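**Q** Just so you know, the sequences run in chain order W and H.
Residue numbering for the first sequence follows the numbering used here, starting at 1 and increasing by one per position.
Residue numbering for the second sequence follows the numbering used here, starting at 1 and increasing by one per position.
These are computed hints drawn from the structure, not numbers from a lab.
Check before you lean on any hint, since a few could be wrong.
Stated by the list, open to error - Selected chain W positions facing chain H (in silico; Cβ < 10 angstroms):
| id | residue |
| --- | --- |
| 1 | P32 |
| 2 | D41 |
| 3 | S211 |
| 4 | K225 |
| 5 | Y227 |
| 6 | Q228 |
| 7 | W230 |
| 8 | L231 |
| 9 | C253 |
| 10 | C256 |
Computed from a predicted model, the values in this text were never measured in an experiment.
Glycine included, C-beta positions come from ideal geometry on N, C-alpha and C.
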Amino acid sequence: MPETMHGILSLSTQSIMGNGLRPLLGMSWMLPDQASTYAPDVDNLYLFLVGLTIFFTVLISAAILYFFVKYRRRSNSEIPRPIAGSIVLESTWSIIPLLISFGIFAWGANIYLTEYTVPNDALDIYVVGKQWMWKFQHPEGQREINELHIPVGKKIRFIMATEDVIHSFFIPAFRMKEDIVPGPSRYSTVWAEATQTGTFHIFCAEYCGTSHSGMIGWVTVMNDKDYQAWLSGGAATGTMAERGAALFQQLGCITCHKSDGTGPCPKLEGIYGKQQDLEGGTSVLADDSYVRESILSPTAKIVKGYKPLMPSFQGIVSEEQLQQLIAYVKSIGTPVAAPAPGKGAAPGSVPAAVRPPIMTSSASESIPPQNEKAGSESQNTQAEASAKSAGVKR
Amino acid sequence: MPSEIGAVHTNGDGGLNYLNNGHGLRSWLLTKDHKRIAILYLITVSIFFVIGGVFALLIRINLLSPSGLFEPDTYNRLFTAHGVIMVFFFLVPAVPAILGNFLLPIMIGAKDLAFPKINLLSWYCYIVGACFGLVAIIAGGVDTGWTFYTPYSTSFSNSNVLLVGIGIFIVGFSSILTGLNFIVTVHTMRAPGMTWFRLPLFIWAHYATALVIMLATPVLAITVALMAIERVAHVGIFDPSMGGDPVLFQHMFWFYSHPAVYIMVLPAMGVVSELIANMSRKNIFGYKFVAMSSLAIAVFGFLVWGHHLFVSTQSVYLGLIFSFLSYAVAIPSAIKVFNWTATLFKGSISYDTPMLYGLGFIGLFLIGGMTGLFTAALGLDVHITDTYFVIAHFHYVMVGGSLMGFLGGLHLWWGKMTGRNYPEYWARAAAVIQFVGFNLTFFPQFLLGYLGMPRRYASYPPEFQLLHVLSTAGATILGIGMLMTISYFIWSLKNGTRATPNPWGASGLEWHTSSPPPTENFLTTPIVTWEAYEFAPMETMDVLGYPGEPHTPAQPVHSEHGTED
Ligand code: HEM
Ligand SMILES: [Cu+2]
């Protein structure tokens with residue numbers, strides 16, 4: 001009871017409309033599954049606007065129909081007395097909609113800020129969009145195509161890139177959507193916390209060519225126990241950071257970026273989540289997008305005091321490998337605690353949140369013997385092929 | 001006739017008019033008469049409307065089944081062709097190039113537009129550009145969607161992107177030339193006594209539209225040209241693998257295409273003002289508010305393009321600004337709806353077809369405009385953008401708005417344009433059928449969209465099927481309504497009764513000349529001594545709430561041109 005009171009007092013309509021009215025009105029034909037923490041907020045605004053629309057539509061239609069009958073033309077020579085207008089009336093019906101509109105703006109903006117303020121204690125899931133499939137990687141190393149398993153009640157941060165054109169990651173049950181735009185310095189980030197177990201659609205919402213409508217997947221939300229069981233059952237070959245560490249060696253990054261800082265390049269330990277000073281006096285936050293850009297177009301931002309020596313790895317590392325490398329850099333970085341809007345494009349935005357290091361500092365020495373690149377790639381291609389043939393239309 | 005106020009001579013029926021003054025294809029294809037050019041536009045734009053409509057029905061047929069009836073590639077080409085044709089070759093030119101061209105000079109008492117040859121040139125631009133589009137479709141079509149988002153359109157699509165791009169580029173010049181002509185004409189060619197605030201609201205709307213056309217269309221031309229350059233020469237403008245930025249394309253594209261929705265709907269709003277006023281014999285309630293709201297929409301319409309990019313990785317702060325501005329631009333539209341409704345109060349309302357379209361417009365535009373509040377609400381748009389909700393929203397505004405306005409106007413002025421009346425009974429029936437069909441087509445799409453059905457899907461999960469089937473049923477009814485209208489219009493050209501100069505008892509200069517008008521529009525230059533929509537002498541006007549502004553009968557003015565306010 002006190003819970004409800006609090007809900008009403010704080011004007012959180014969630015408990016009233018979001019959960020209370022829903023079964024009452026049997027609105028499943030009107031609302032999709034409500035499976036994330038912010039889904040009820042979105043639905044409440046939606047239902048409010050539906051109500052407002054009905055109100056104005058009925059009001060004006062009723063007025064029109066009434067006038068239509070009452071003032072229908074009775075004789076063809078009839079000329080009504082003209083009415084010039086009314087400053088009072090016209091001001092009223094300009095100002096009232098204006099106030100209502102700005103209220104809706106504030107309401108919508110508030111939800112938007114929630115949707116794009118990525119929490120700092122989230123579990124990272126890496127997403128790659130590719131014509132025409134979704135590829136997922138878990139930090140623990142599991143990889144999936146068009147299927148995604150996540151735990152219920154945990155904040156999940158989706159870090160997303162595309163291999164080709166623009167895609168858009170859309171889970172209607174979570175009321176969550178964000179485009180994934182190609183480009184060396186661009187990662188898209190969104191987050192959600194699932195509130196119920198079950199299986200929900202993943203759609204691609206940005207037109208991306210022939211099989212755009214086949215770019216459909218499923219997210220399976222599991223309780224924590226099942227999720228752990230699923231994780232340990234999967235054929236993971238090392239966590240993402242471990243794979244990244246292996247790549248770091250294999251691609252020769254390690255010869256230049258020495259961990260003791262004696263190489264010709266900046267050492268990467270501890271940079272993640274910190275401001276990096278650049279040549280020319282500016283500085284940049286070392287987040288996922290920055291690391292990605294540094295690998296794909298290294299000359300775009302040169303760290304202060306270093307020469308543009310690094311070659312581009314564009315076309316050499318795949319999107320998944322990029323994400324593994326970033327996971328590695330992150331694992332040897334230092335976490336910062338501050339939630340930030342997920343769309344990092346704005347200059348001066350708050351540092352992106354970072355989850356605690358996946359590996360201990362000794363991790364770099366304990367890399368598993370690495371020549372799995374070829375192996376994992378072929379495994380990947382196989383999975384892609386089967387996803388193309390079987391998983392696409394469902 | 002009650003509205004024949006002022007000393008204007010009409011030239012009676014059966015005399016020389018613009019239709020019988022010169023015969024043969026040559027006299028039409030080389031004409032400089034704005035009325036004949038309007039008819040050329042009417043014929044060609046209608047053909048494209050029919051083609052676009054056929055594509056629409058094919059789209060709906062494909063969506064009858066969850067697995068889709070056509071190959072995905074075929075479907076992608078269908079919806080692209082539908083979008084490109086409807087937007088660039090129908091909605092943009094429909095009202096201004098046909099009704100605007102025909103009526104704008106007559107309504108201000110001018111003999112023609114300011115630049116008759118440029119007017120003809122603009123029709124040729126339209127034809128050449130539209131033919132490029134047609135050839136592209138016959139040659140296999142385009143599969144990018146009418147939005148041409150990069151890098152898909154520049155580096156991935158194997159379709160006729162270039163041809164269509166060239167077509168759109170050329171058609172753009174057609175609108176620019178029309179816009180230029182309108183602006184100059186309104187400024188310099190008004191009849192004596194036709195002051196700015198005596199202009200019909202149709203003219204105000206077209207004037208505002210012309211401003212938007214002049215400022216926005218060049219940006220489209222540049223965007224399309226850059227896209228073509230990137231596709232041919234592989235210069236990195238939009239493709240990130242060559243150093244470009246795909247979101248830059250979206251900004252440039254919507255910088256044209258958001259104002260473009262006002263290019264489509266503002267002229268229709270002008271038509272609706274005429275419909276409501278003339279069919280209820282009332283002056284438009286708050287004339288100046290409505291006139292100024294057209295200008296306000298034109299100006300603010302340039303500031304909100306970013307609301308199409310809320311989930312495009314645009315920064316959160318930009319999203320906030322664009323959302324805020326979007327709400328500001330919603331208000332002038334709301335004002336118009338309220339004012340039109342208030343105009344009916346104590347009117348003398350006719351049930352004839354033009355009025356049915358006028359009311360249909362208000363109803364559909366109301367829902368279209370209200371759902372704009374949904375899409376402009378940031379947190380909510382994240383869920384509904386790129387779904388069927390958006391499709392329903394913009395069809396309610398653009399089809400419900402522009403098409404209803406266009407058809408309403410065509411019925412109101414059909415007798416004036418062709419000299420023949422259409423059959424009233426069939427026309428009313430068709431209007432009602434279209435209204436029902438339209439709502440059955442697009443209302444289910446709001447529900448579909450909120451349930452999560454993404455747009456541009458050739459196949460879809462089975463749970464969406466019922467709503468899709470309803471929508472297709474609606475589209476069929478709508479199609480039947482359209483077919484009726486096209487049929488009786490064509491039928492009336494030969495069999496319709498002869499139109500009189502002013503069959504509706506309407507106000508406005510176009511009703512002071514014969515139907516169809518003579519080549520120079522009026523036998524003698526009219527001198528305007530009355531206000532817009534003056535159906536009765538002004539001394540009897542009820543004045544609510546304008547205490548300091550008594551209406552005195554306007555004095556005749558004898559200058560060469562209209563007086564400035
Ligand atoms: C006045 C007549 C209007 C027309 C002709 C119109 C037309 C359109 C069109 C064509 C689109 C679709 C673009 C696309 O995705 O392909 C659209 C989307 C949109 N409209 Fe309107 N609209 C109108 C009024 C409004 C109003 C008054 C608002 C604001 C309150 C509004 C807000 C939006 C927003 C925010 C979108 C983007 C939605 C999204 O992509 O998720 N519109 N509109
Ligand atoms: Cu996609």
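**Q** I'd like to know which numbered hints this structure contradicts. Please list them from smallest to largest.
**A** Hints 4, 5, 6, 7, 8, 9, 10 contradicted; others consistent.
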